[in-house]
Amino acid sequence: MTTRTHETEIVSDPDVPLVRITREFDAPPDKVFRAHTDPDLVVKWLGPRDLTMTVDHYDCRTGGSYRYLHVRGDDEFGFHGCFHEVRPSELIVQTFTFEGVPDGVALEKLVFEDLGDGRTRLIATSLVDSFADRDAFVASGMETGVREGYERLDELLAK
Amino acid sequence: MSADPLSRVFSALADPTRRDIVARLTAGDATVGELAEPYDVTVQAVSKHLKVLEDAGLVSRTRDAQRRPVHLEAEVFDLMTRWIERYRRQAEERYRQLDDVLRAMPDDVEPTPPTDRPETGATP
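If you're matching them up, the sequences are chains A and B in order.
Residue numbering for the first sequence is 1 to 159, as defined by the numbering used here.
Residue numbering for the second sequence is 1001 to 1124, as defined by the numbering used here.
Hint data in this document are derived by calculation from the structure and do not stem from the laboratory.
A hint or two may mislead.
Covered stretches of chain A, going by a simulated chain B footprint (3 or more residues, C-beta under 8 Å) [unchecked claim]:
id : segment
1  : 6-12
2  : 21-28
3  : 33-41
Fair warning: this is a prediction, and the values are worked out from it, not measured in the lab.
All C-beta atoms, glycine included, are put in the ideal place defined by N, C-alpha and C.
Take the sequences, apply the hints, and build the full model.
This is the structure we're talking about:
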């Protein structure tokens, strides 16, 4: 574990079903932005380490769209969305859908703050349409799965 | 306030004062007065925070005696923090990969890739 001062911070809002992740980078906004808009760079970091990411298309411009796959063996997980507003080095507003749950959609807003001295703060907000979806979103990485998580919580709270 | 228990716990922990209260309760039970001490707020304000934590199942108040110490329901708290921490760690792992990408990039780049190149096809 390094002693860096800019570990990812996460906040889930009490009033609106959103998750907000804040992270600082030792690179200026132009670079951080490019790493979000250039598919050749995006594939190098957006996917989890144990999955291979392939891009179907990635047109990060206002009115553009994207689709990519995370692949592990024979398993493919598709994701797609539209770029609603793209302002170089400042802002990306996009939708995000996991194709396993095609009716679900998150509205994502990425704000690139120039901290000076070649540093950038990225504030990534994901908004969904229910608290249950938001919490499932946060819990999605758990091995136990969302339902089991809920059951365990119900058990704990029933004590 | 949303209805399901998971949301109540998430919401309860979204507030920095309440997170701090919970963090202090991990060291042991404490009275409302003791919990209010380090903050520039009234005992009433801390009581309100405790009510939210209690409704979420995160803390309980013992009925015995005058002190009525506040007790952290550690199992509920652990479950929630594990969920949130796991999600945070995934984001952190992703962003460390981004750190590497940024280090490998030339200093003088345009914020967006050239637009005249052909549609990016499936990767190699």
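Cβ contact check, 8 Å cutoff: the segment 33-41 of chain A against chain B, three residues minimum: Answer holds; 8 residues pass the 8 Å Cβ test.
Coverage of the segment 6-12 of chain A by chain B (three or more Cβ within 8 Å): holds (count 6)
Proximity test - 8 Å, beta-carbon atoms, the segment 21-28 of chain A to chain B, at least three hits: holds (count 5)
The structure is consistent with each of the numbered hints, conforming to all of them.
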